Amino acid sequence: MNREKAQRRFIFGCLAPAVILMAIFIFYPTINVFKMSLFRMGAITNTSEFVGLSNFKTLMQDKNFLEAMQNTILIIVMVMIFTIVLAVLFAALLQRGKFKGKTFFRIVFYIPNILSIVVIGGIFGAIYDPSNGLLNTFLEAIHLDGLTHKWMGEPNIVIYSVIFALVWQAIGYYMVMYMSGMAAIPEDLYEAAALDGSSEIHTFFSVTLPLIWTNIRTTLTFYIISTINLSFLFVQIMTDGGPNGKTEVFLNYMYKQAYGNGAYGYGMAIGVVVFLFSFVLAAIVNKITDREVYEM
Amino acid sequence: MKAKLVKKLVAVSLVSAMAVSSLAGCGNGGSSDKDADKTTGKDGEQVLKVAAFNGGNGEQIWKDIAEAFEAENEGVKVELDISSELDQDLTKKIKNKDYPDVVYYNLGQPSGFTENMLKENAVADISDVFDDELKDKMLDGILDGTDAQPYGDGKVYLAPIFYTPTGLWYNKNLFEGDQKKYDLPTTWDEFFALGDQAKADGVSLFTFPTSGYLDSTVYTMLEQAGGMDFYNDALQYNADTWTSESGEKVLDTLGKLVSPEYTQEDTVANANADGGFKINQQNVIDGKALFMPNGNWVIAEMAASTPDDFEWGMMPAPKWDGDDTQAVYMFTEQMWVPKDAPNMDLAKEFVKFMYSDTVVDILLNNTTVDKETGKESAAPIVAPVKGAAEKLPDGTTKDVYASTTADDIVAVTGKLATTKPIEGLDVQKNIYGATESINTGDMTVDEWQKQLVETWEKCADNLEQ
Chain P
1 MNREKAQRRF IFGCLAPAVI LMAIFIFYPT INVFKMSLFR MGAITNTSEF VGLSNFKTLM
61 QDKNFLEAMQ NTILIIVMVM IFTIVLAVLF AALLQRGKFK GKTFFRIVFY IPNILSIVVI
121 GGIFGAIYDP SNGLLNTFLE AIHLDGLTHK WMGEPNIVIY SVIFALVWQA IGYYMVMYMS
181 GMAAIPEDLY EAAALDGSSE IHTFFSVTLP LIWTNIRTTL TFYIISTINL SFLFVQIMTD
241 GGPNGKTEVF LNYMYKQAYG NGAYGYGMAI GVVVFLFSFV LAAIVNKITD REVYEM
Chain S
1 MKAKLVKKLV AVSLVSAMAV SSLAGCGNGG SSDKDADKTT GKDGEQVLKV AAFNGGNGEQ
61 IWKDIAEAFE AENEGVKVEL DISSELDQDL TKKIKNKDYP DVVYYNLGQP SGFTENMLKE
121 NAVADISDVF DDELKDKMLD GILDGTDAQP YGDGKVYLAP IFYTPTGLWY NKNLFEGDQK
181 KYDLPTTWDE FFALGDQAKA DGVSLFTFPT SGYLDSTVYT MLEQAGGMDF YNDALQYNAD
241 TWTSESGEKV LDTLGKLVSP EYTQEDTVAN ANADGGFKIN QQNVIDGKAL FMPNGNWVIA
301 EMAASTPDDF EWGMMPAPKW DGDDTQAVYM FTEQMWVPKD APNMDLAKEF VKFMYSDTVV
361 DILLNNTTVD KETGKESAAP IVAPVKGAAE KLPDGTTKDV YASTTADDIV AVTGKLATTK
421 PIEGLDVQKN IYGATESINT GDMTVDEWQK QLVETWEKCA DNLEQ
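So the sequence lines, in the order shown, correspond to chains P and S.
1 is the number of the first residue of the first sequence in the numbering used here; add one for each residue after it.
1 is the number of the first residue of the second sequence in the numbering used here; add one for each residue after it.
Treat the hints with care, as some may be off.
[What the hints assert, rightly or not] Ranges of calculated distance between the beta carbons of each label pair, as one might list FRET restraints:
| # | chain 1 | residue 1 | chain 2 | residue 2 | range |
| --- | --- | --- | --- | --- | --- |
| 1 | P | I157 | S | A378 | 52 to 62 Å |
| 2 | S | S259 | P | T103 | 24 to 34 Å |
| 3 | S | G202 | P | N156 | 25 to 35 Å |
| 4 | S | T367 | P | I117 | 26 to 36 Å |
| 5 | S | A406 | P | N156 | 26 to 36 Å |
| 6 | P | T214 | S | S259 | 28 to 38 Å |
| 7 | S | Q109 | P | N156 | 29 to 39 Å |
| 8 | P | N156 | S | S259 | 16 to 26 Å |
| 9 | P | F34 | S | L463 | 40 to 50 Å |
[Stated by the list, open to error] No more than 27 Å apart at the CA atoms, straight line, and that leaves these computed lysine-lysine pairs for DSSO-like:
| # | chain 1 | residue 1 | chain 2 | residue 2 |
| --- | --- | --- | --- | --- |
| 10 | P | K63 | S | K352 |
| 11 | S | K420 | P | K57 |
| 12 | S | K458 | S | K63 |
| 13 | S | K458 | P | K57 |
| 14 | P | K35 | S | K199 |
| 15 | P | K63 | S | K458 |
| 16 | P | K35 | S | K63 |
Hints listed in this document are in silico derivations from the structure and should not be mistaken for laboratory results.
Bear in mind that the values here come from a model prediction, so they are computed numbers and not experimental data.
Even glycine gets a Cβ: it sits at the ideal position worked out from N, Cα and C.
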């Protein structure tokens, strides 16, 4: 009995700091965001007035917010699809492929992930520059002048320019995660597949992919959360939502409303919607990707 | 079982209390001690907290002004808080009820900090600083605009401490002297005709650093199109502003100006990229575009990439046929006192001091160091005091100031009147951001007009006071 008590105390003691920190820095602020979304609040002074759900009512009719929501959803979907496909492909090549310089490529792919967002903004500024940019100059050099664009200015293209930068930055990180999943697949499975005459591509789809499925599912939630956060940082540095709101995303709009426009309570209402949106989306994605887990 | 639960609860509360108290130490602990010596320093000297935005003018100027103020006011110590992120620093401090006495932070910054302080009624009325003697000393009309009286109630809340005429900037060598290629236009018809002529030479008529720079052009066009009363009513969100003949004239002309026909093709792409505004400015220096809206800060801003033989010129936005005068927008930078400033009287003294001969001279002798080249160059700042601009050294800057005093020039000041915070409304985007969509063909002038009418209506309903 005593031993059990002591053990329980020990567990409690170990968990307490984490629980308390979570409560103070995560639960309390989150509850506060929900509370503040019901007020009309100043961004600087502590004035506030209870307005009930009025902020949410305004939000549902706010064209700028709906545009930001549309853009964010497009970014999440595109970044998710492209990053998964490319990251899994590169991971498979680097893990299973037989060629020289694998470590070199692993590092090269991972580098964008450790660069600061400001540096990435600078790099893509130089790539997308309409007159002297790398991309347009290259296209002109290979006589594909027809494909040159104002990558940061054309309303139908600019969002894809941001998406490309986000994918470029994310591939390395997810590639490493998938590689670790692939490394855990026992070699004899591949040998058995080879003995059965399975081609490399067939093996990939029937052995590798099913066995890293749990990995992929976990990363889907990461994509949603990190894309919402990173799209804010990228957009803030690269376009600030321009031209005229064409690249506006959730959090950048929230920031602009809360601080730039001085409608802090309204900003918090946007925060609540983003919170619920990411939660629901993650739940849906989790549900529809539910498969039987293969044991290795 | 019960005893166990009690024990658990006690343990939880003790641990949480410990954690909370230890974390509290990280926050703004000891604020009560700070409060005690907020207004008086050691030896009983009075401390005046001056918070200044660190923009293009550099830090030294504030150190010199603080020193001069201390020299003239015995027993006063000026505590400077100079920061390029002043809005964020002050937001934190003000939330903790730690107020500065005087703040130098402009209207029109992307953070909207000063606008938000006004929206929250947190800026003090400093009308009494401007007694008759000081009013006489200042430029006529400089205190009458909405950038000094943001609520339009006859009371001054924002002190205009620096001013700069703004207009359309161009390469003077293309319009004067040996290399003269074009005639300087004065009417919109001449202006667009020049655009057609330049296009034949492969040069665009117009560019803008970012769409926000079009504000001064819009302000002057409003005055030009409908006169001073129309302009002042427009800043107070008169419902007919954009549907009136004058308003439509402004929108049609501006719509034509920002169309791909006359605006340099890379303008919008550059305007949205990080640091791209400088590329648009460089396009005027490099001869890819003839004109851009700007102020004389552009000379120092672009000094590192301006060829030695290049000469800047500035002209007011063109007038319409039949107009006698042309309008120039006076861009002012503001200083203000928070309503809860601990040293209100001394703060007002400091604001008044900004117009003294001592400060006027300090401002005129200002220099800045270029971050890229390390080269020090003169960057005189002009206080809105009569005669200050005449003391400028000969050169482009002096010419620009002098040109605004001509008989056929009308000086325009002011900003859109302050409203309560309006959820979901982005006034800047609706007015200026729309020009980018017009350029890219995503919006028509009619849609822009409709958007502006709606914006004006919302703002009029939410005017402060």
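The hints, checked one at a time:
Distance hint check: the CB atoms of P:I157 and S:A378 are about 43 Å apart, inconsistent with the given range 52 to 62 Å. The supplied range of 24 to 34 Å is broken by S:S259 and P:T103, whose beta-carbon atoms lie about 54 Å from each other. For S:G202 and P:N156, the hinted distance range of 25 to 35 Å is satisfied, since their beta carbons lie about 27 Å from each other. Distance hint for S:T367 and P:I117: a CB-CB separation of about 34 Å, consistent with the stated range 26 to 36 Å.
Evaluation of the 26 to 36 Å hint for S:A406 and P:N156 yields a failure: the beta carbon distance comes to about 46 Å. Range check, P:T214 to S:S259: Cβ separation about 55 Å, and the 28 to 38 Å hint is violated. For S:Q109 paired with P:N156, a C-beta distance near 31 Å keeps the hint of 29 to 39 Å intact. Evaluation of the 16 to 26 Å hint for P:N156 and S:S259 yields a pass: the beta carbon distance comes to about 18 Å.
At roughly 31 Å, the beta-carbon separation of P:F34 and S:L463 lies outside the given 40 to 50 Å, and the hint is violated. Straight-line distance between C-alpha atoms of P:K63 and S:K352 comes to about 45 Å, which puts the hinted pair past the 27 Å bound. As the CA atoms of S:K420 and P:K57 are separated by approximately 18 Å, the hinted pair is consistent with the 27 Å bound. The suggested pairing of S:K458 with S:K63 is violated, with an alpha-carbon distance near 43 Å, which exceeds 27 Å.
Distance hint between S:K458 and P:K57 is fulfilled; the C-alpha atoms sit about 16 Å from each other, no more than 27 Å. Of the pairs offered as hints, the one joining P:K35 and S:K199 is violated, with about 58 Å between alpha carbons and a cut-off of 27 Å exceeded. At most 27 Å may separate the alpha-carbon atoms for a hinted pair to count; P:K63 and S:K458 meet this at roughly 15 Å. A threshold of 27 Å between alpha carbons decides the hint, and for P:K35 with S:K63 the separation of about 44 Å lies outside it, so the pair is violated.
Hint compliance for this structure: hints 1, 2, 5, 6, 9, 10, 12, 14, 16 are not met, and every other hint is.
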